[in-house]
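J.: The whole structure should be built from the sequences, with the hints applied where relevant.
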Amino acid sequence: MTPDPIEDDEPGAAVRPRRKGIYALPNAITLGALFSAFYAIVMAMNGRFEVACVAIFAAAILDSLDGRVARMTNTQSAFGEQMDSLSDMVAFGAAPALIVYMWALKDMGKPGWIPAFVYIAGAALRLARFNVNIGVVDKRYFQGLPSPAAAAIVIGLIWAVVDSSDYTGVQRGSWVPWAAYGLTLFAGLSMVTNAPFYSFKVFDRRRSVPFIVLVIIMLGIGFAALDPARVLFGAFCVYGLSGYVIYGWRKAKGRPVSVISTSTDEPDERGLHE
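Take the sequence shown: its position 169, counted from the start at 1, is 169 in this note's numbering, and no numbers get skipped.
Because the hints were derived from the structure by calculation, they are not lab data. In this text, a Cβ means the ideal position worked out from N, Cα and C, and glycines have one as well. Some hints here could point you the wrong way.
Each computed DSS-like pair below joins lysine-lysine, with the alpha-carbon atoms no more than 25 angstroms apart [claimed, not checked]:
1) K139 / K201
2) K253 / K139
3) K139 / K251
4) K201 / K251
Pair by pair, the computed Cβ-Cβ distance ranges are [what the hints assert, rightly or not]:
5) S174 / K201: 37 to 43 angstroms
6) P210 / W113: 46 to 52 angstroms
7) S164 / K106: 17 to 23 angstroms
8) R250 / R48: 41 to 47 angstroms
9) G222 / Y198: 22 to 28 angstroms
10) G220 / P111: 36 to 42 angstroms
11) S174 / Y198: 33 to 39 angstroms
12) M218 / W113: 43 to 49 angstroms
13) R48 / K201: 30 to 36 angstroms
14) D138 / I114: 28 to 34 angstroms
15) G67 / M45: 27 to 33 angstroms
T.: Structure (structure tokens):
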């Protein structure tokens, strides 16, 4: 493949090929997200679950930045895409499953393995499907719950409970392990559904918005500052249910519920566009 040429500033200058390589900035951000996930696991092993939860949310913020930075600086690469996918698997697949298992599920014995494994397997299937369907899915929606949102639901429960003033640890027979059990199963299975979840990727950043939008954003930041753990947990729970609401609404209206927007004649993609 011929490298993309780069023109010199001087008119009439010779065209120099751009070297292909590994770009430092976006991949450094991806490595930062990966380290946050590793740090979260280490903190959970030491019983510091609140710090582990904050680290996972930090990984989600970094994950939202690396792709945007790559596009803004024109440093996209196949290496970066694969690196980002592997980092997501650790940060939003393995790490949340291990943290919630150590926090609430390990005392259940082998039945506690079930939601943790369903979650990590769901994250792997979700990321694999995203990678192969990226060119045929409607950009306005995600096909299934995105893995960072699934991690935020599971980790948000842990953070909300740990952050409560009367928290004394997960007690055997309390409601907390069963809540963690159910939410972890819900998040894991939601990642592999076909429910459409809004992607927030179609906003026109150059378009003006009414003043009330800034007021709403200001109020949202204020509420989040009052109680970050519960506000974030509640917000992501609402988002986790929104896909099923959209699915049900489309079904009721007789509209197509699939987010596959393009059809191809490739044999390997049969069944994707039904």
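J.: Each of the hints needs a verdict: does it hold here or not?
T.: Evaluation of the provided hints:
Between K139 and K201 the CA atoms are separated by roughly 7 angstroms; this keeps the pair inside 25 angstroms, and the hint holds. Taken as a hint, the K253 and K139 pair is honoured in the structure, with Cα atoms around 22 angstroms apart against an allowance of 25 angstroms. Taken as a hint, the K139 and K251 pair is honoured in the structure, with Cα atoms around 20 angstroms apart against an allowance of 25 angstroms. Proposed proximity of K201 and K251 is supported: the alpha carbons are some 24 angstroms apart, at most 25 angstroms.
Range check, S174 to K201: about 40 angstroms between beta-carbon atoms, so the 37 to 43 angstroms window is met. Checked against the hint of 46 to 52 angstroms, the C-beta distance between P210 and W113 comes to roughly 50 angstroms, which is consistent with it. Restraint check, S164 to K106: a C-beta distance of roughly 21 angstroms satisfies the suggested window 17 to 23 angstroms. Here the CB-CB span from R250 to R48 is close to 43 angstroms, well matched to the stated 41 to 47 angstroms.
Taken as a hint, the range 22 to 28 angstroms holds for the pair G222 and Y198, whose Cβ atoms sit roughly 24 angstroms apart. Restraint check, G220 to P111: a C-beta distance of roughly 39 angstroms satisfies the suggested window 36 to 42 angstroms. In this structure the hint that S174 and Y198 lie 33 to 39 angstroms apart at CB holds, the actual value being about 35 angstroms. Remark: the range hint 43 to 49 angstroms for M218 to W113 is upheld by a beta-carbon distance near 44 angstroms.
Separation of R48 from K201 is about 35 angstroms and conforms to the stated range, judged on CB atoms against 30 to 36 angstroms. Separated by about 33 angstroms at the C-beta atoms, D138 and I114 satisfy the suggested range of 28 to 34 angstroms. Separated by about 30 angstroms at the C-beta atoms, G67 and M45 satisfy the suggested range of 27 to 33 angstroms.
Going through the hint list in order, the structure satisfies each hint without exception.
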